[in-house]
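Peer 1: Chains A and B, in that order, are what the protein sequence lines are. Residue -18 is where the first sequence starts when you use this note's numbering, and the numbers rise one by one after that. Residue -18 is where the second sequence starts when you use this note's numbering, and the numbers rise one by one after that.
Don't read these hints as lab results, they were simulated from the structure. Keep in mind that the hints are not guaranteed to be accurate.
Intra- or inter-copy, both count: the list cannot distinguish identical chains.
Lysine-lysine pairs mimicking DSS-like chemistry, simulated, CA-CA at most 30 angstroms apart [as the list claims (entries may be wrong)]: (1) Lys252 / Lys33; (2) Lys115 / Lys226; (3) Lys102 / Lys33; (4) Lys94 / Lys201; (5) Lys225 / Lys33; (6) Lys105 / Lys252; (7) Lys226 / Lys176.
Protein chains: 2
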Amino acid sequence: MRISQIGEFGLIERIKAIIGNPVIGDDTAPVNIDTQTLLFTCDILIQDRHFKLSYPSSAVGWKAISVNVSDVVANGGEPLYALVSLVLPDMEVDYVEGLYEGIKRACDFYGCKVVGGNIGKGEKLAIDLFMVGKTGRFVGRRGARLGDSLFVSGTLGDSRAGLELLLMERKNYEPFELRLIEKHLRPTARVDLSKHISKHANASMDISDGLSSDVEKLSKASNVRIRLFSEKIPISEELRLFCKKHGKDPIEYALIGGEDYELLFTHPFEKLNPFLSMFHIGIVEEGEGIFLDHKPIEPMGFDHFRVL
Amino acid sequence: MRISQIGEFGLIERIKAIIGNPVIGDDTAPVNIDTQTLLFTCDILIQDRHFKLSYPSSAVGWKAISVNVSDVVANGGEPLYALVSLVLPDMEVDYVEGLYEGIKRACDFYGCKVVGGNIGKGEKLAIDLFMVGKTGRFVGRRGARLGDSLFVSGTLGDSRAGLELLLMERKNYEPFELRLIEKHLRPTARVDLSKHISKHANASMDISDGLSSDVEKLSKASNVRIRLFSEKIPISEELRLFCKKHGKDPIEYALIGGEDYELLFTHPFEKLNPFLSMFHIGIVEEGEGIFLDHKPIEPMGFDHFRVL
């Protein structure tokens, strides 16, 4: 049996059975050291899967840090340390220096630092990042409560539209298109929400595979049904313009577009803080599955292996 | 300028200048959390560089854990947690399960556990491991003192001979050859020496690139000269038989063969513990460079990029 027959998530189930650790499945792994709860996570960017060599290498470095910081803040933590593991072909030294300049800039921005790493030779470039964070209270995917409201930290679908624009490899882009591309190339992890999540959220994760796919993970982990309100899902003006131009549906981009790196979390509606970037997009109900308004929907997100 | 023009270690110097963290260079990165000193490290195994797909996948999993545990014990620590980051082509699920069985077996053996990980798709298999350990006292490469004796924890050169035997792809191997192959396929990290190193060593590292290359790193980091005694370097009977059969010099295998994962450490001779596996192979002197008996030698070890 090949991996493509069971998909990435089918493979993960088998791995969990071997390792025998029920914790695996959240964005980070929480571990208690003395009085601290540390969060460990890793995420990899692979050439021609997650980025192309034609992208600015400083953006790739920035993104490698950001996607890991996003995992840490999704669980209510703040980032502390990073280890950078590189697989490199023989390439220009300038490129690698740009990569590290992006890593350094992101670490300075998020307030963490690189403490180590490793370099190996391979045919394609891969940047594997390990990150250590800490939290006063770990919030994972399994705590959503009946009656909770579901929130998202920002607009969805922009990154997917930005990727499609990038892949067109045009010479000229309009300003709104460049902003969508920027969302794809240089996502910013929502460190501004870390404390709110740690203090108030019952369940939390980041959106990396697409809203519908990630909401499904949260609903399964928490054993609840989640109902999304289509007209409440935040859509950027840039995405609206993009969809108008190309005859697409922005809600579809929000539901199945990946790599948004926005946060998805639940808590009672009353804990909504109007001074923070958080949008009420759904509710937690008894039952299972995900509904868009009054219709059950099938999750459609990114599985690295599944042949659809 | 290409990476091959400056080599792996030249590239690391440039990266250090960007990151601006002087700690980078030891086998692990020590970080203080409350009253604990945690050790972070990562090491990657890449298909066709570090292993072939024809090797048993459980051995590859075992080795991925072992090489990281080796870094932790080299700095006087004990392993606690691992994160496994896999880059996978579409392949047999059985293979991946074997890999994880090897990982699990190694974790049980060393007393650590897998707490998380990540899977990405790529053209070649890579297993990137992130490990967290702890120590009561961190021992790095820079503390060797004048008058210290240099010790190694076991025989050297076996892994290289085992690799050469494996690459012959013969149908039949003699028992001593199988033992050399086993040393290459399933190295055992020297957890038995972790407490001794933490308690007594002034400088310590593991031997992954070859004795001469790694002794040079220790001598440079500590600003000392190191003199090796050729007849004291421990050589296994298996390596002697191999070298006799193929007309090779076992000392050369010990000096330049990599992937031994034995420990290299210094402390006063009086601290030698005859109940532990430790061999006195040299002394720390004023000056620089490495000497084999009375002759200065050039380090010859493994650089992933350098074209020699």
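Peer 1: Next, verify each hint and record whether it holds.
Peer 2: How the hints compare with the structure:
1. In this homomeric assembly, Lys252 and Lys33 never come within 30 angstroms of each other (Cα to Cα): the closest approach is 41 angstroms inside a single copy and 54 angstroms across copies.
2. Taking the closest pair of Cα atoms, Lys115 and Lys226 never come within 30 angstroms of each other, the shortest separation being 44 angstroms inside a single copy and 56 angstroms across copies.
3. With identical chains, the CA atoms of Lys102 and Lys33 are at most 30 angstroms apart both within one copy (18 angstroms) and between copies (15 angstroms).
4. Taking the shortest alpha-carbon separations for Lys94 and Lys201, only the inter-copy value of 25 angstroms comes in at or below 30 angstroms, while the best intra-copy value is 35 angstroms.
5. In the homo-oligomer, the alpha carbons of Lys225 and Lys33 lie at most 30 angstroms apart inside one protomer (27 angstroms), although the nearest pairing across protomers, at 50 angstroms, exceeds that limit.
6. In this assembly of identical chains, the alpha carbons of Lys105 and Lys252 never lie at most 30 angstroms apart, being 46 angstroms within a copy and 47 angstroms across copies at closest.
7. In this homomeric assembly, Lys226 and Lys176 never come within 30 angstroms of each other (Cα to Cα): the closest approach is 39 angstroms inside a single copy and 66 angstroms across copies.
When held up to the earlier numbered hints, the structure conflicts with 1, 2, 6 and 7 and fits the remainder.
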